[in-house]
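**Q** Residue numbers for the sequence shown follow the UniProt record's numbering, beginning at 1 and rising by one.
Incorrect hints may appear among the rest.
Straight-line Cα separation of at most 20 Å, PhoX-like style, residue types lysine-lysine; simulated pairs [to be verified]:
| id | residue 1 | residue 2 |
| --- | --- | --- |
| 1 | 229 | 34 |
| 2 | 228 | 193 |
| 3 | 206 | 152 |
| 4 | 113 | 58 |
| 5 | 236 | 176 |
| 6 | 237 | 193 |
| 7 | 68 | 58 |
| 8 | 206 | 228 |
| 9 | 176 | 228 |
| 10 | 93 | 3 |
| 11 | 193 | 244 |
| 12 | 63 | 93 |
| 13 | 146 | 159 |
| 14 | 63 | 113 |
| 15 | 159 | 113 |
| 16 | 223 | 206 |
| 17 | 3 | 113 |
| 18 | 206 | 229 |
| 19 | 152 | 193 |
| 20 | 223 | 176 |
| 21 | 3 | 58 |
| 22 | 93 | 146 |
| 23 | 159 | 193 |
| 24 | 229 | 176 |
| 25 | 93 | 113 |
| 26 | 176 | 113 |
| 27 | 113 | 152 |
| 28 | 206 | 159 |
By construction, these hints were calculated from the structure, which means they are not laboratory data.
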Amino acid sequence: MTKGWIHSVESLGTQDGPGIRYVIFTQGCPLRCKYCHNPDTWCMTDGQEIEVEDLMDKILRCKSYIDKSNGGVTISGGEPTLQVEFLSELLRKCQEEGIHTAVDTSGYVDQDKFLDLMPNIDLVLLDIKHINDVEHQELTGVSNEKILNTLKLLEDNQKNFWVRHVVVPGINDSIKYIEELSDLLEEFNYLEKVELIAYHELGVHKWETIGLDYELADVEPPKEENMKKFRDIFLKKGINTVIK
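When you get a sec, could you build the whole thing from the sequences and use the hints?
**A** Here it is, written out as structure tokens:
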């Protein structure tokens with residue numbers, strides 16, 4: 001039996017893809033985002049080890065709610081592609097049951113392994129943290145080159161995707177950066193939606209609990225008028241964009 005490490009599940013999620021979704025948060029992540037609200041997912045083995053069959057039993061108990069809402073299953077993290085065998089089997093079994101599948105990824109993935117997963121993924125939720133590579137490295141600890149390559153990989157393979165972008169005041173919320181991101185995304189035909197997510201402080205206590213220093217303690221959530229201004233930049237280019 002294939003096993004994987006998970007952090008938690010949300011049986012009736014509404015924020016991670018279309019409809020009502022069974023959301024699985026996996027353990028393990030190669031990024032170290034300064035605003036991460038789940039730093040307790042960074043280590044692969046800090047969570048619960050579970051077999052795919054056991055997880056499928058839990059998912060199928062919620063299938064009636066999922067089906068009525070045109071929802072599905074979303075595998076998030078952490079970075080779910082770090083557990084590629086677990087992810088592959090889980091996606092395949094979901095599709096065998098007629099369940100819509102989505103993967104929420106940082107895009108910092110092994111391109112060949114991700115290609116192998118694609119036939120069993122209906123929708124990709126791609127997190128783009130920062131359009132500027134130097135600033136991306138400062139914010140996450142890694143370059144954004146591999147992530148932007150994943151963006152192109154999705155387009156080249158005609159895979160429907162959403163882009164999620166957390167707006168962090170003083171870090172990636174300049175008009176220049178927002179326009180550069182919108183310019184890039186304007187060219188992608190398989191991009192269905194951009195979600196602009198307002199930075200929040202809900203995960204700060206987790207940093208304190210596990211003994212980590214939270215560098216963004218003085219950063220406040222973005223103002224509503226600024227979020228609307230950023231959304232309008234995307235909308236003017238014909239990109240379906242929502243604020244979350």
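**Q** Now, for every hint given, state plainly whether the structure supports it.
**A** Going down the list of hints, with the structure as the test:
For the given pair, residue 229 sits about 24 Å from residue 34 by alpha-carbon distance, which is inconsistent with the 20 Å threshold. For the suggested pair residue 228 and residue 193, the alpha carbons sit about 16 Å apart, so the restraint of at most 20 Å is met. Proposed proximity of residue 206 and residue 152 is contradicted: the alpha carbons are some 34 Å apart, above 20 Å. Using a Cα cut-off of 20 Å, the hinted pair residue 113 and residue 58 is violated, with the two alpha carbons roughly 27 Å apart.
Between residue 236 and residue 176 the CA atoms are separated by roughly 15 Å; this keeps the pair inside 20 Å, and the hint holds. Between residue 237 and residue 193, the direct Cα distance comes to roughly 12 Å. Compliance with the 20 Å bound is thereby established for this hinted pair. Only pairs whose Cα atoms come within 20 Å are accepted, and residue 68 paired with residue 58 is accepted, the gap being roughly 17 Å. At roughly 29 Å between alpha-carbon atoms, residue 206 and residue 228 are farther apart than 20 Å, so this suggested pair is violated.
A threshold of 20 Å between alpha carbons decides the hint, and for residue 176 with residue 228 the separation of about 16 Å falls inside it, so the pair holds. Note on residue 93 and residue 3: the hinted pairing holds, with a Cα-Cα distance of about 14 Å set against a maximum of 20 Å. As the CA atoms of residue 193 and residue 244 are separated by approximately 12 Å, the hinted pair is consistent with the 20 Å bound. Between residue 63 and residue 93, the direct Cα distance comes to roughly 13 Å. Compliance with the 20 Å bound is thereby established for this hinted pair.
A hinted pair counts as satisfied when its Cα atoms are at most 20 Å apart, and residue 146 with residue 159 qualifies at roughly 17 Å. Restraint check: the Cα-Cα separation between residue 63 and residue 113 comes to about 28 Å, which exceeds 20 Å; the hinted pair is violated. Simply put, residue 159 and residue 113 have alpha-carbon atoms about 15 Å apart, close enough for the 20 Å limit, and the pair holds. Between residue 223 and residue 206 the alpha-carbon distance is near 24 Å, which puts this suggested pair outside the 20 Å criterion.
For the proposed pair residue 3 and residue 113, the alpha carbon gap of about 18 Å is at most 20 Å, so the pair holds. Note on residue 206 and residue 229: the hinted pairing is violated, with a Cα-Cα distance of about 31 Å set against a maximum of 20 Å. For the hint pairing residue 152 with residue 193, the CA-to-CA distance comes to about 16 Å; that is within 20 Å, so the pair holds. Between residue 223 and residue 176 the CA atoms are separated by roughly 17 Å; this keeps the pair inside 20 Å, and the hint holds.
Between residue 3 and residue 58 the CA atoms are separated by roughly 15 Å; this keeps the pair inside 20 Å, and the hint holds. Proximity of residue 93 to residue 146 is assessed by CA-CA distance (about 28 Å); at most 20 Å being required, the pair is judged violated. Between residue 159 and residue 193, the direct Cα distance comes to roughly 13 Å. Compliance with the 20 Å bound is thereby established for this hinted pair. Distance check on the hinted pair: residue 229 and residue 176 sit about 13 Å apart at the alpha-carbon level, within 20 Å; holds.
Distance restraint check for residue 93 and residue 113: the Cα-Cα separation of roughly 18 Å lies within the 20 Å cut-off, and the hinted pair is therefore satisfied. For a cut-off of 20 Å, the pair hint linking residue 176 to residue 113 is broken: about 34 Å separates their Cα positions. With a C-alpha separation of about 15 Å, the suggested pairing of residue 113 with residue 152 holds against the 20 Å cut-off. A hinted pair counts as satisfied when its Cα atoms are at most 20 Å apart, and residue 206 with residue 159 does not qualify at roughly 34 Å.
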